[in-house]
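Enquirer: With the sequences and hints as input, model every part of the structure.
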Amino acid sequence: MTEKVTKRYEVSGADFTHAGEASGKVKALLKQIGYSPDAIRRVAIAMYEGEINMVIHANGGYVLAEIYPDRIDILLEDTGPGIADIGLAMQEGYSTAPDEVRSLGFGAGMGLANMKRYTDAMRIESEIGVGTKVYITVKS
Amino acid sequence: MLYWLYNNGNEGKAAMQLKKIIEILKADVIFCENEEIEILTACGSDMMSDALAYVKDRAMLLTGLVNPQTVRTAEMLDMPAVVFVRGKVPGEDIVGLAKAKGIALISTRYRMFTACGRLYAQGLGGGTDDI
Ligand SMILES: Nc1ncnc2c1ncn2[C@@H]1O[C@H](COP(=O)(O)OP(=O)(O)OP(=O)(O)O)[C@@H](O)[C@H]1O
Ligand SMILES: [Mg+2]
Numbered sequence: 024m025t026e027k028v029t030k031r032y033e034v035s036g037a038d039f040t041h042a043g044e045a046s047g048k049v050k051a052l053l054k055q056i057g058y059s060p061d062a063i064r065r066v067a068i069a070m071y072e073g074e075i076n077m078v079i080h081a082n083g084g085y086v087l088a089e090i091y092p093d094r095i096d097i098l099l100e101d102t103g104p105g106i107a108d109i110g111l112a113m114q115e116g117y118s119t120a121p122d123e124v125r126s127l128g129f130g131a132g133m134g135l136a137n138m139k140r141y142t143d144a145m146r147i148e149s150e151i152g153v154g155t156k157v158y159i160t161v162k163s
Numbered sequence: 740m741l742y743w744l745y746n747n748g749n750e751g752k753a754a755m756q757l758k759k760i761i762e763i764l765k766a767d768v769i770f771c772e773n774e775e776i777e778i779l780t781a782c783g784s785d786m787m788s789d790a791l792a793y794v795k796d797r798a799m800l801l802t803g804l805v806n807p808q809t810v811r812t813a814e815m816l817d818m819p820a821v822v823f824v825r826g827k828v829p830g831e832d833i834v835g836l837a838k839a840k841g842i843a844l845i846s847t848r849y850r851m852f853t854a855c856g857r858l859y860a861q862g863l864g865g866g867t868d869d870i
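Taken in sequence, the protein lines are chains A and B. FYI, the numbering used here numbers position 33 of the first sequence as 56, with every residue one higher than the one before it. FYI, the numbering used here numbers position 11 of the second sequence as 750, with every residue one higher than the one before it.
No lab work stands behind these hints: they were computed from the structure. Any given hint could turn out to be false.
[Stated by the list, open to error] According to the in silico footprint, chain B covers these stretches of chain A (three or more CB under 8 Å from chain B): (1) 44 to 57; (2) 60 to 71; (3) 131 to 141.
Note that the Cβ used here is the ideal one computed from N, Cα and C, for glycine as well.
Expert: What follows is the structure, encoded as structure tokens:
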């Protein structure tokens, strides 16, 4: 692999059942390209957490994946409610998820912290009422 | 919510074949391509992000949660198997997803605590001593 590969995936906000499909596709693609299993797993977990967040907190959006020989950049962008206090949202255990989301297995307040832990760089841009952009990078 | 079965090689915890896990849990096999696969550690949780916080090789997920995201979580973590506790049986959509991803699904009537305890007592570890 010498050139950059760019992929874009739509994430439906109405569809909890299919949430994670885009992450599964990126995972398969990276395997095919021959990335290290460790890098693939870190990308997959971080992107999956982001994808789930888009579905449960922000009514969906899209994911842009840029795959370079030595790193993977992922942008998750939604037009949801935005995050008022990013520092607070990043804290383990902080969640605004309602009970019905918790009964689906999410809402522990661990997702953003997991994304941070598994990636080499992470940045969140968010505006209330406009939406949220989460940028993550994993080096191979 | 999260029970990482405590493990260390020096405590006599070791890998276990899925076949033996099925036996210990008196479990029903819903889908499995290879019962000979070796499971190194296990994680019990109903919260997927708790499970996603701990990465171990060839780990297995025990959960009382039954929806497609249990299989997705296993997929992202490269887990070869998911055990549903309390006799829960997944629907066709979940089984179909597991087949597509090659992830084994088994169902035990034991509750979470008992299922984890039985496996631990028989030598399966949790893969971490971080607390
Ligand atoms: N894309 C988003 N849009 C709006 N708010 C978000 C978004 N992502 C996260 N948040 C806010 O940040 C909080 C923390 O997110 P985080 O992913 O860490 O936990 P969670 O999604 O609530 O639970 P978990 O990820 O453990 O299932 C959320 O509860 C929500 O309030
Ligand atoms: Mg989350």
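Enquirer: The region 131 to 141 of chain A covered by chain B? Criterion: 3 or more residues, Cβ-Cβ distance below 8 Å.
Expert: Since 8 is at least three, the answer is holds.
Enquirer: Establish whether the coverage given for the region 44 to 57 of chain A by chain B is satisfied; the threshold is a Cβ-Cβ distance below 8 Å, and no fewer than three residues must meet it.
Expert: holds (count 3)
Enquirer: Has the region 60 to 71 of chain A got at least three residues whose CB is nearer than 8 Å to a CB belonging to chain B?
Expert: holds (count 5)
In summary, this structure violates none of the numbered hints.
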